[in-house]
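S.K.: Here the protein sequences come in this chain order: A and B.
Residues 11 to 368 in the numbering used here are what the first sequence spells out, letter by letter.
Residues 11 to 368 in the numbering used here are what the second sequence spells out, letter by letter.
Derived by calculation from the structure, the hints in this document are not laboratory data.
These numbers were taken from a predicted model, which means no experiment stands behind them.
Careful, some of the hints might be misleading.
Same chains, same label: a pair holds when it works inside one copy or across any pair of copies.
As the list claims (entries may be wrong) - Quick list of in silico lysine to aspartate or glutamate cross-link-like pairs, DMTMM-like style, CA-CA up to 25 Å:
| id | residue 1 | residue 2 |
| --- | --- | --- |
| 1 | LYS271 | GLU298 |
| 2 | LYS246 | GLU298 |
| 3 | LYS271 | GLU165 |
| 4 | LYS212 | ASP239 |
There are 2 protein chains.
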Amino acid sequence: MRATIIHAPGDIRVEDRPEPRLIHGSDAIVRVAASCVCGSDLWPYRADQGPEEPKPIGHEFIGTVTAVGDDVRELQVGDFVISPWANSCGQCPDCRNGVQVACQHRAAWGGRDESGHDVEGGQSEVVRVPNAEGTLFVVPELSPQRGGTRTADEELLKSLLTLTDVMGTGYHAAKVAGVGPGQSVVVVGDGAVGLSAVLSAKLLGAERIIAMSRHEDRAAIAREFGASDVVAERGKAGAEQVRELLGGVLADCVLECVGTKESMDQALRSTRAGGHLGYVGVPAGGPELPLGVLFSKNITVAGGAASTRNYIAELLPAVLSGDLNPGRVFDSVMPLENAPEAYRAMDERRATKVMLLP
Amino acid sequence: MRATIIHAPGDIRVEDRPEPRLIHGSDAIVRVAASCVCGSDLWPYRADQGPEEPKPIGHEFIGTVTAVGDDVRELQVGDFVISPWANSCGQCPDCRNGVQVACQHRAAWGGRDESGHDVEGGQSEVVRVPNAEGTLFVVPELSPQRGGTRTADEELLKSLLTLTDVMGTGYHAAKVAGVGPGQSVVVVGDGAVGLSAVLSAKLLGAERIIAMSRHEDRAAIAREFGASDVVAERGKAGAEQVRELLGGVLADCVLECVGTKESMDQALRSTRAGGHLGYVGVPAGGPELPLGVLFSKNITVAGGAASTRNYIAELLPAVLSGDLNPGRVFDSVMPLENAPEAYRAMDERRATKVMLLP
């Protein structure tokens, strides 16, 4: 089977790999219907140093179950599944507590499972999924043996694919920041996660949504997703613009969707006293949080890596009905074979997010 | 009138000062019934450098209104009042949002009001209270002209006095950490605020309350306040003790009530993935929060300076009925004239908290 491998920074190749087989009783094999490149995949791509050895890459994929291990009870061959970016057992105290990202038996896509066996990356034709029942979320409507009669077109694939990561991550930011009716929201970051956060804020009933964006094409999607205002200024000027738009106060909820020192600073500057900052940007060597500012302003900071599996049940019906179209964050679709070009396009900001079709 | 003045680190004196008079229409004059020394008063007392000039000190007091300005409508002469540590106007957007500590017109006890006039410290016989109606909370039961028939004995004075700061601050930690029925709570810090946090966690229905204490006298009060367990270990060993007590998981809610690098580290180590850390320890040049740890563990950090006025209405009835006795944190009562000894006793940890009676 074909799989995307990172050899070194900037060096992505699609290569032949042995087709994965069941190893553990709790495994499933999934034939990938669509995968994609995540903003965080660009980190090793842009890193100073490459992986010690060539490594499969990708952690966002959807597809069909083609085999299940002996211990698998609920999943069936033929199930169409969404595979959240965080593999999780579903049984340990952290999973039962709803924090699958802290799963004590978590396997790493493109890395190893708990027992040390290799696990494929998501940007592949076929993936072995450890902890299959704790991880995979079945979409019965797309699973014929469960009576499903639909097939997913490209637009639906895109939106389903966002539920593995970016849409669930943006939704996490909004949920932990307590976004709700009547509230003012600032979203820092206009990548796929930031745009998903805008859509999530709208879905949760926010009254005013300010997207901080400097890219007209992304700002246009933000507006389509529900942003009432777009602010291009940054730093103190950006925060003052927010204050002016909100009639003299800063935002009730700020969603940080980047992960840099600058974006967190922007988020803190934009949050009113007593406000909530939901952050999901993976901290990129960023600053530690300035406790003095948080203390005097009583800013609540919540978020982190999103257990996106939690949100699939909540978001899926609207995706299936077409009321919710988070797949709009994909502005490019390529065959899996073009993965190297997908990385280049995202790295050079020619694309916001690329879907790969095997 | 007599007032406590800090001249330099370690140099506290009780001196004659002019009796304060009304300056603004929104002022009230309060004759102090009781005041006390806060843990945070020990900072300038222990500092390397003293204030530029001798400065009144103290921010926790209760007493009786003896005069009100022309713009005061609700407060009356004769009202027995609780004066929260944070002076606040009650009208600005931050006050209306429930964050009085961020009040845009806040006056500083022992400092200046918005118009630059001196304000007495709370460890005085008489205090001018700017923003009187936004700040003072009336206790009708102790106000004869409102039909109040009670007088406060020393035990009641103690408990009422905690509502100005320490009890409200401990309660803030517990509330923002989402303490509720069935939850496990760790309290870091066994000073007056930490003990109040234990009492608050009990009041909010926590199932298990672990107090981290190494002082047997304070641990005894913690147990009396509702602590189910006391842990003396610190650092990794302390967190492992918590995990063992809780059957293999860390705490749902951790209340940080100290403000040092070590206490925050202890709090983070003790919080389970997806847990809540409520902090009220004033950051003492402490560390910034390590975002990487928060991110991977999805720890929510909330708290900061407590707007204790918010909690008085909720806590007062139980204090008046005698069901709630936060005043137990006072282990010493002295006349105001002995303020220098009160500071020494707290500095040398011979006392947890000292009430001063004018």
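S.K.: At most 25 Å between CA atoms: does that hold for LYS212 and ASP239 within a copy, between copies, both, or neither?
M.R.: Only inside one copy: LYS212 and ASP239 sit 13 Å apart there, 45 Å across copies, limit 25 Å.
S.K.: Given identical chains, is LYS271 near GLU298, meaning Cα to Cα at most 25 Å, within a copy, between copies, both, or neither?
M.R.: Both, since 8 Å and 13 Å are each at most 25 Å.
S.K.: With identical chains treated as interchangeable, where does the CA-CA distance between LYS246 and GLU298 reach 25 Å or less: within a copy, between copies, both, or neither?
M.R.: both (19 Å within a copy, 21 Å between copies)
S.K.: Could you figure out if LYS271 and GLU165 sit no more than 25 Å apart (CA to CA) within one copy, between two copies, both or neither?
M.R.: neither (35 Å within a copy, 50 Å between copies)
This entry does not satisfy hint 3, going by the numbered hints stated previously; all others are met.
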